[in-house]
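Asker: Chains as they are written, first to last, in the UniProt record's numbering: chain Y, 1 to 335; chain U, 1 to 345; chain F, 1 to 308.
The hints are simulated quantities; they were obtained by calculation from the structure and are not laboratory data.
This one's a predicted model, so the numbers in the text were calculated from it and none came from an experiment.
Any given hint might turn out to be false.
[Unchecked claim] One-sided and incomplete, this derived list gives chain F residues near chain U with beta-carbon spacing under 8 Å:
hint : residue
1    : E95
2    : G97
3    : Q196
4    : R200
5    : Y202
6    : E204
7    : A205
8    : A206
9    : S209
10   : G210
11   : H212
12   : V219
13   : G223
[As the list claims (entries may be wrong)] Result set (EDC-like, lysine to aspartate or glutamate): computed pairs, CA atoms no more than 20 Å apart in a straight line:
hint : chain 1 : residue 1 : chain 2 : residue 2
14   : U       : K253      : Y       : E211
15   : Y       : K277      : U       : D4
16   : U       : K210      : U       : D42
17   : U       : K196      : U       : D212
18   : Y       : K31       : F       : D44
19   : U       : K196      : Y       : D116
20   : Y       : K277      : U       : D212
21   : U       : K253      : U       : D232
22   : Y       : K277      : U       : D144
23   : Y       : K277      : U       : D208
24   : Y       : K277      : U       : D7
25   : U       : K196      : Y       : E72
26   : F       : K74       : F       : D86
27   : Y       : K44       : Y       : D226
28   : U       : K210      : U       : D232
29   : U       : K196      : Y       : E211
30   : F       : K255      : F       : E95
31   : Y       : K44       : Y       : E211
32   : Y       : K277      : U       : E52
33   : U       : K196      : Y       : E133
34   : Y       : K94       : Y       : E54
35   : U       : K196      : Y       : D123
36   : U       : K253      : U       : D212
37   : U       : K210      : U       : D7
Beta carbons: idealized from backbone N, C-alpha and C, even for Gly.
Now for the letters of each chain:
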Amino acid sequence: MNAPLRHPEVAADAALVHVRGLTVDFLGGRKPVRAVGGVDLDLKAGEALALLGESGSGKSVTLRALMRLLPEKRTRIGGTLRIDGQDVLALRKKSLAAFRGGTVAMIFQDPGLALDPVYRIGDQIAEAVVRHEGASHAQGRARALELFERVQIPSAARRLDNYPHEMSGGMRQRAMIALALACRPKVLLADEPTTALDATVQIQILLLLRELQRDLGLAVIFVTHDVGVAVQVADRVAVMYGGHLVEVGSSGEVIGAPAHPYTRGLLASRITPDSPKGVRLVTIPGSPPDLADPPPGCPFAPRCTLAVPACDDGLPERVALAPGHAARCIRVGAA
Amino acid sequence: MTLDPRDRGGPAQPLLSVSGLVKHFGGKGGLLGRGPVVRAVDGVDFAIAKGETLGVVGESGCGKSTTARLLMQINRPDAGDIVFDGEKLGTRALDLKTYRRQVQMVFQDSYASLNPRLTIEETVAFGPKAHGLSAGAALARAHDLLRRVGLEPRRFGGRYPHEVSGGQRQRVNIARALALEPRLLILDEAVSALDKSVEAQVLNLLDDLKRDFGLTYMFISHDLNVVRFMSDRVMVMYLGKIAEIGPADDILKAPRHPYTAALLASQPSTDPAARIEEAPLTGDPPNPINPPPGCRFHTRCRFAADLCRTREPGLDPVAPSHLAACHMAVEGSGHPQAPTLPMAA
Amino acid sequence: MTTTLTPVEATASAPLPPVDLAEAAPVQAGRGYWGSVLSRLARDPVAMGAGIVILCIVLAAIFAPLIAPMDPFKGSMVRRLRHVGDATYWLGSDELGRDMLSRLLYAGRLSLFMGVLPVIIAFFIGSGLGILAGYAGGWVNTLIMRVVDVFFAFPSVLLAIALSGALGAGILNAIVSLTVVFVPQITRVAESVTVQIRGRDYVEAARVSGAHPVTVVRVQVLGNVLGPVFVYSTSLISVSMILASGLSFLGLGVKPPEPEWGLMLNTLRTAIYVNPLVAALPGVMIFLTSISFNLLSDGLRSAMEVRQ
Numbered sequence: 001m002n003a004p005l006r007h008p009e010v011a012a013d014a015a016l017v018h019v020r021g022l023t024v025d026f027l028g029g030r031k032p033v034r035a036v037g038g039v040d041l042d043l044k045a046g047e048a049l050a051l052l053g054e055s056g057s058g059k060s061v062t063l064r065a066l067m068r069l070l071p072e073k074r075t076r077i078g079g080t081l082r083i084d085g086q087d088v089l090a091l092r093k094k095s096l097a098a099f100r101g102g103t104v105a106m107i108f109q110d111p112g113l114a115l116d117p118v119y120r121i122g123d124q125i126a127e128a129v130v131r132h133e134g135a136s137h138a139q140g141r142a143r144a145l146e147l148f149e150r151v152q153i154p155s156a157a158r159r160l161d162n163y164p165h166e167m168s169g170g171m172r173q174r175a176m177i178a179l180a181l182a183c184r185p186k187v188l189l190a191d192e193p194t195t196a197l198d199a200t201v202q203i204q205i206l207l208l209l210r211e212l213q214r215d216l217g218l219a220v221i222f223v224t225h226d227v228g229v230a231v232q233v234a235d236r237v238a239v240m241y242g243g244h245l246v247e248v249g250s251s252g253e254v255i256g257a258p259a260h261p262y263t264r265g266l267l268a269s270r271i272t273p274d275s276p277k278g279v280r281l282v283t284i285p286g287s288p289p290d291l292a293d294p295p296p297g298c299p300f301a302p303r304c305t306l307a308v309p310a311c312d313d314g315l316p317e318r319v320a321l322a323p324g325h326a327a328r329c330i331r332v333g334a335a
Numbered sequence: 001m002t003l004d005p006r007d008r009g010g011p012a013q014p015l016l017s018v019s020g021l022v023k024h025f026g027g028k029g030g031l032l033g034r035g036p037v038v039r040a041v042d043g044v045d046f047a048i049a050k051g052e053t054l055g056v057v058g059e060s061g062c063g064k065s066t067t068a069r070l071l072m073q074i075n076r077p078d079a080g081d082i083v084f085d086g087e088k089l090g091t092r093a094l095d096l097k098t099y100r101r102q103v104q105m106v107f108q109d110s111y112a113s114l115n116p117r118l119t120i121e122e123t124v125a126f127g128p129k130a131h132g133l134s135a136g137a138a139l140a141r142a143h144d145l146l147r148r149v150g151l152e153p154r155r156f157g158g159r160y161p162h163e164v165s166g167g168q169r170q171r172v173n174i175a176r177a178l179a180l181e182p183r184l185l186i187l188d189e190a191v192s193a194l195d196k197s198v199e200a201q202v203l204n205l206l207d208d209l210k211r212d213f214g215l216t217y218m219f220i221s222h223d224l225n226v227v228r229f230m231s232d233r234v235m236v237m238y239l240g241k242i243a244e245i246g247p248a249d250d251i252l253k254a255p256r257h258p259y260t261a262a263l264l265a266s267q268p269s270t271d272p273a274a275r276i277e278e279a280p281l282t283g284d285p286p287n288p289i290n291p292p293p294g295c296r297f298h299t300r301c302r303f304a305a306d307l308c309r310t311r312e313p314g315l316d317p318v319a320p321s322h323l324a325a326c327h328m329a330v331e332g333s334g335h336p337q338a339p340t341l342p343m344a345a
Numbered sequence: 001m002t003t004t005l006t007p008v009e010a011t012a013s014a015p016l017p018p019v020d021l022a023e024a025a026p027v028q029a030g031r032g033y034w035g036s037v038l039s040r041l042a043r044d045p046v047a048m049g050a051g052i053v054i055l056c057i058v059l060a061a062i063f064a065p066l067i068a069p070m071d072p073f074k075g076s077m078v079r080r081l082r083h084v085g086d087a088t089y090w091l092g093s094d095e096l097g098r099d100m101l102s103r104l105l106y107a108g109r110l111s112l113f114m115g116v117l118p119v120i121i122a123f124f125i126g127s128g129l130g131i132l133a134g135y136a137g138g139w140v141n142t143l144i145m146r147v148v149d150v151f152f153a154f155p156s157v158l159l160a161i162a163l164s165g166a167l168g169a170g171i172l173n174a175i176v177s178l179t180v181v182f183v184p185q186i187t188r189v190a191e192s193v194t195v196q197i198r199g200r201d202y203v204e205a206a207r208v209s210g211a212h213p214v215t216v217v218r219v220q221v222l223g224n225v226l227g228p229v230f231v232y233s234t235s236l237i238s239v240s241m242i243l244a245s246g247l248s249f250l251g252l253g254v255k256p257p258e259p260e261w262g263l264m265l266n267t268l269r270t271a272i273y274v275n276p277l278v279a280a281l282p283g284v285m286i287f288l289t290s291i292s293f294n295l296l297s298d299g300l301r302s303a304m305e306v307r308q
């Protein structure tokens with residue numbers, strides 16, 4: 001029964017998302033601010049990647065750049081951005097509209113960004129299907145019902161006629177996921193979709209996303225600041241800091257054997273169920289870099305306890321630690 | 001530990017005790033008669049001992065923030081007594097102004113809780129000035145407190161809230177709360193909006209301040225790990241009532257209420273091999289407008305029996321200083337999974 | 001009450017914790033809220049253009065005696081209704097042969113005065129009432145806001161004419177009636193902003209500190225309410241200018257031969273077929289001034305909105 005939702009041409013092995021040297025500059029201020037400073041990413045169909053980072057690390061900006069959701073006039077995107085064979089940065093108005101939703105869809109922390117408060121949710125989904133696929137409204141409604149059942153909204157047929165405000169937080173999030181899937185995208189981008197939810201609801205949404213990713217063969221990029229959430233939804237984790245990917249690898253490698261000093265510090269400062277009480281927490285001194293005035297070399301060097309003068313000589317190269325596990329640090333292995 | 005000259009009943013007397021606290025919102029002024037009643041806090045009793053940290057956890061709509069606002073008297077309770085160090089609030093012995101000096105709060109949103117038009121030092125000096133300190137003395141106090149929370153007054157005092165980072169703003173909020181020398185500090189999700197690395201810095205600071213100023217904390221958070229780390233005792237709330245209260249390690253290592261157990265089981269693990277495969281609870285927390293009859297948790301509880309749908313469990317002792325509101329935890333309650341009475345065995 | 005706060009030294013003498021928190025904030029030195037608003041405003045070309053136009057008009061009105069080429073009251077029956085571009089009368093002459101340029105310059109004094117003063121008075125009265133209603137709530141709010149609602153039942157033009165008509169013609173009465181027109185509008189805005197600010201965490205934090213309500217309003221509420229209300233009030237200046245001109249046009253404001261744009265429009269309307277360009281000049285001035293005030297007010301609003 002899941003078959004009709006699955007995109008027909010998803011080839012199992014091709015790199016669906018191919019990003020090289022992605023840069024994002026915000027213009028409009030006194031001088032341009034480089035929010036993303038050169039990100040490389042590859043993602044195959046059916047793969048889930050967690051983009052882990054703190055506020056200001058550039059993780060959400062990267063995600064929005066993939067869909068060209070940033071305000072065109074005030075941002076400049078550079079690098080290569082190829083999704084499902086299309087050169088995203090070269091897309092013109094009409095093909096961009098088809099690309100958004102049809103190839104790539106996004107879900108947000110605040111469902112209000114995706115759901116229109118004055119339309120019934122069923123009609124919103126139906127309209128998206130009509131617009132993208134030229135189907136009739138009745139076919140669109142049928143698809144909406146199918147999707148509502150797919151995202152496990154109880155009494156789906158009745159819920160289609162709800163307005164967003166008539167739903168609870170977790171239900172709205174499910175409805176937003178249904179809307180995102182309306183036009184059979186191949187890539188799903190998730191921007192902290194569970195951060196505002198209660199713990200018992202968050203885990204339901206995370207499990208749903210994982211199930212959808214598996215069943216529909218979606219490629220998922222999931223932005224989060226929570227290590228536990230990253231491990232729960234993704235097989236691979238990319239750690240972002242100061243606009244750069246500082247460490248990439250399988251979740252077992254990155255969380256179990258972190259190589260970059262920032263990843264290590266981040267994990268060490270977490271409170272776990274086993275943290276001994278009354279002991280001072282390990283902290284990372286200082287605060288994230290000012291993107292308008294970034295450090296000359298490694299973005300983490302000013303806060304890094306392992307930093308040496310050479311760290312300021314340009315951005316460190318990727319150091320491969322294992323197949324698929326790499327860190328941008330010249331001091332990998334030290335201490 | 002407490003050599004506070006304001007101490008009255010000695011260490012054995014709770015600093016704060018609350019009984020029968022009730023707050024319902026709405027209920028009047030509906031277009032056709034009465035509107036819906038939100039039972040935000042529906043009969044809550046607890047006490048906080050001097051010098052301890054009471055952690056409060058629960059999901060949205062459980063009443064934890066409303067409880068904090070009732071304790072701060074931002075909202076007036078519909079019923080219930082607040083007793084602070086042996087004196088009942090609202091009597092001649094303890095008027096509102098004296099009480100407020102001793103109980104202060106740090107809000108969650110570090111930006112919304114600072115006036116954008118005041119500099120940091122003006123914000124911290126506001127309280128002392130309002131209580132009669134001269135402008136110069138209030139400013140001196142503000143500088144001392146800013147230094148205590150790790151903000152160099154000469155560098156930060158003259159800045160506006162939007163000119164400092166989120167972690168620094170929350171430090172200002174803490175300094176502002178401490179400026180009146182409170183004995184009880186209510187931290188309402190005070191670190192929840194901060195990044196993890198900054199959160200650890202602020203938690204360390206709170207720990208230092210507690211020791212140095214002899215403070216008592218009520219620490220409200222949705223993060224069970226942080227609550228366990230910070231608290232001596234933990235109170236779990238669900239739909240306006242207390243589900244379970246007791247020593248932090250007992251509650252979070254061996255919970256007796258199925259809701260607490262579900263909350264714990266919903267925390268994603270950082271071990272890829274220990275991923276959660278099935279959601280411990282289904283659906284969203286019910287709306288406090290129309291709480292279910294009987295045990296309020298029975299609609300989401302996998303152990304719910306007929307008894308749970310009709311009879312509301314009391315908050316009963318289940319272990320030393322550990323209370324839980326669950327029929328399963330009480331001997332002879334009639335629940336199939338309750339421990340049986342010795343004579344019936 | 002007497003304060004019993006103990007000296008801080010008693011508590012602060014404890015050893016400082018290790019400074020693991022030098023969160024070096026990426027921030028320039030504080031410039032203050034209004035400083036940053038002004039610098040943002042300075043980068044808005046439309047608002048700056050409007051501001052320069054207003055400045056020119058105001059300066060021209062103030063220094064009219066110095067720059068006006070002729071006496072604005074002295075007419076000449078033979079030189080009536082000269083065209084724009086005339087060698088002596090650069091902007092033509094009116095139906096009594098008075099120099100239009102000089103009259104337009106002088107007219108700016110009364111027109112600006114009658115446009116701006118009612119808004120200023122209404123700003124103070126309206127803000128006071130609105131903040132009182134918004135902060136006190138309860139029956140105080142009901143009383144003030146229901147009275148305000150009564151005024152909203154009438155269109156402002158009609159209300160201004162009716163009040164002016166009842167009070168009688170004259171500059172003072174026109175100002176009074178315009179003030180009455182604007183007080184309810186400003187009150188309503190001040191009230192809604194105050195209600196919004198009152199619910200902010202920082203106001204609640206100030207209230208729970210035990211400070212007197214007047215202190216809380218003065219320190220925490222006032223600055224945050226007056227900003228938006230001030231912007232709203234500047235947008236009313238254009239309306240006020242048009243209403244004031246309208247009153248004069250109807251003979252309820254300034255009396256001839258005093259130069260005032262609205263009145264000039266009235267007296268020149270007989271010449272509209274003979275010399276339409278000259279007849280339109282006072283209208284152009286009214287239009288230019290009010291749209292400049294509106295654009296400046298728009299710019300101010302967007303400059304004030306930006307945060308962080």
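Asker: Run every hint past the structure and note whether it holds.
Answerer: Evaluation of the provided hints:
For E95 of chain F, the suggested interface contact is broken, since its CB lies about 53 Å from the closest CB of chain U, more than 8 Å. Taking 8 Å as the C-beta cut-off, the interface hint given for G97 of chain F is violated, the closest approach to chain U being about 56 Å. Taken as an interface hint, Q196 of chain F does not check out: its beta carbon lies about 12 Å from the nearest beta carbon of chain U, beyond 8 Å. For R200 of chain F, the interface hint holds, the least distance from its beta-carbon to any beta-carbon of chain U being 6 Å, beneath 8 Å.
Because the smallest distance between the Cβ of Y202 of chain F and any Cβ of chain U comes to about 5 Å, under 8 Å, the interface hint for this residue holds. Using the Cβ-Cβ criterion of 8 Å, the hint placing E204 of chain F at the interface with chain U is satisfied: the shortest such distance is roughly 5 Å. Taking 8 Å as the C-beta cut-off, the interface hint given for A205 of chain F holds, the closest approach to chain U being about 6 Å. Among the interface hints, the one on A206 of chain F holds; its C-beta lies about 6 Å from the nearest C-beta in chain U, closer than the 8 Å criterion.
Checking S209 of chain F against chain U: minimum C-beta separation of about 4 Å stays under 8 Å; hint holds. Using the Cβ-Cβ criterion of 8 Å, the hint placing G210 of chain F at the interface with chain U is satisfied: the shortest such distance is roughly 4 Å. The interface hint given for H212 of chain F holds, since its Cβ lies 7 Å from the closest Cβ of chain U, which is under the 8 Å cut-off. Hint status for V219 of chain F: holds, given a least beta-carbon distance of 6 Å to chain U, under 8 Å.
Satisfaction of the interface hint for G223 of chain F is found here, the shortest Cβ-Cβ separation to chain U being roughly 4 Å, below the 8 Å cut-off. Under the criterion of a C-alpha separation no larger than 20 Å, the hint pairing K253 of chain U with E211 of chain Y is inconsistent with the structure, at around 30 Å. Annotation: proposed proximity of K277 of chain Y to D4 of chain U is violated, straight-line Cα distance about 26 Å (limit 20 Å). The hinted pair formed by K210 of chain U and D42 of chain U fails the criterion: a straight-line CA distance of about 31 Å is larger than 20 Å.
Restraint check for K196 of chain U and D212 of chain U: not satisfied, since their Cα atoms lie roughly 24 Å apart, outside the 20 Å limit. The straight-line distance between the Cα atoms of K31 of chain Y and D44 of chain F is roughly 17 Å, inside the 20 Å bound, and the hint therefore holds. A C-alpha spacing of about 33 Å is found between K196 of chain U and D116 of chain Y, which places the hinted pair above 20 Å, so the restraint is violated. Proximity of K277 of chain Y to D212 of chain U is assessed by CA-CA distance (about 18 Å); at most 20 Å being required, the pair is judged to hold.
Distance restraint check for K253 of chain U and D232 of chain U: the Cα-Cα separation of roughly 13 Å lies within the 20 Å cut-off, and the hinted pair is therefore satisfied. Proximity of K277 of chain Y to D144 of chain U is assessed by CA-CA distance (about 29 Å); at most 20 Å being required, the pair is judged violated. Taken as a hint, the K277 of chain Y and D208 of chain U pair is honoured in the structure, with Cα atoms around 14 Å apart against an allowance of 20 Å. This hinted pair does not check out: K277 of chain Y and D7 of chain U have alpha carbons roughly 27 Å apart, beyond 20 Å.
Between K196 of chain U and E72 of chain Y, the direct Cα distance comes to roughly 32 Å. Violation of the 20 Å bound is thereby established for this hinted pair. Taken as a hint, the K74 of chain F and D86 of chain F pair is honoured in the structure, with Cα atoms around 17 Å apart against an allowance of 20 Å. This hinted pair does not check out: K44 of chain Y and D226 of chain Y have alpha carbons roughly 23 Å apart, beyond 20 Å. Restraint check for K210 of chain U and D232 of chain U: satisfied, since their Cα atoms lie roughly 13 Å apart, inside the 20 Å limit.
With a CA separation close to 28 Å, the supplied pair K196 of chain U and E211 of chain Y exceeds the 20 Å bound. Between K255 of chain F and E95 of chain F, the direct Cα distance comes to roughly 16 Å. Compliance with the 20 Å bound is thereby established for this hinted pair. At roughly 17 Å between alpha-carbon atoms, K44 of chain Y and E211 of chain Y fall within 20 Å of each other, so this suggested pair holds. A threshold of 20 Å between alpha carbons decides the hint, and for K277 of chain Y with E52 of chain U the separation of about 14 Å falls inside it, so the pair holds.
Between K196 of chain U and E133 of chain Y, the direct Cα distance comes to roughly 44 Å. Violation of the 20 Å bound is thereby established for this hinted pair. The straight-line distance between the Cα atoms of K94 of chain Y and E54 of chain Y is roughly 35 Å, outside the 20 Å bound, and the hint therefore fails. Simply put, K196 of chain U and D123 of chain Y have alpha-carbon atoms about 40 Å apart, too far for the 20 Å limit, and the pair is violated. A hinted pair counts as satisfied when its Cα atoms are at most 20 Å apart, and K253 of chain U with D212 of chain U does not qualify at roughly 30 Å.
The straight-line distance between the Cα atoms of K210 of chain U and D7 of chain U is roughly 16 Å, inside the 20 Å bound, and the hint therefore holds.
Checked against the numbered hints above, the structure violates hints 1, 2, 3, 14, 15, 16, 17, 19, 22, 24, 25, 27, 29, 33, 34, 35 and 36; every other hint is satisfied.
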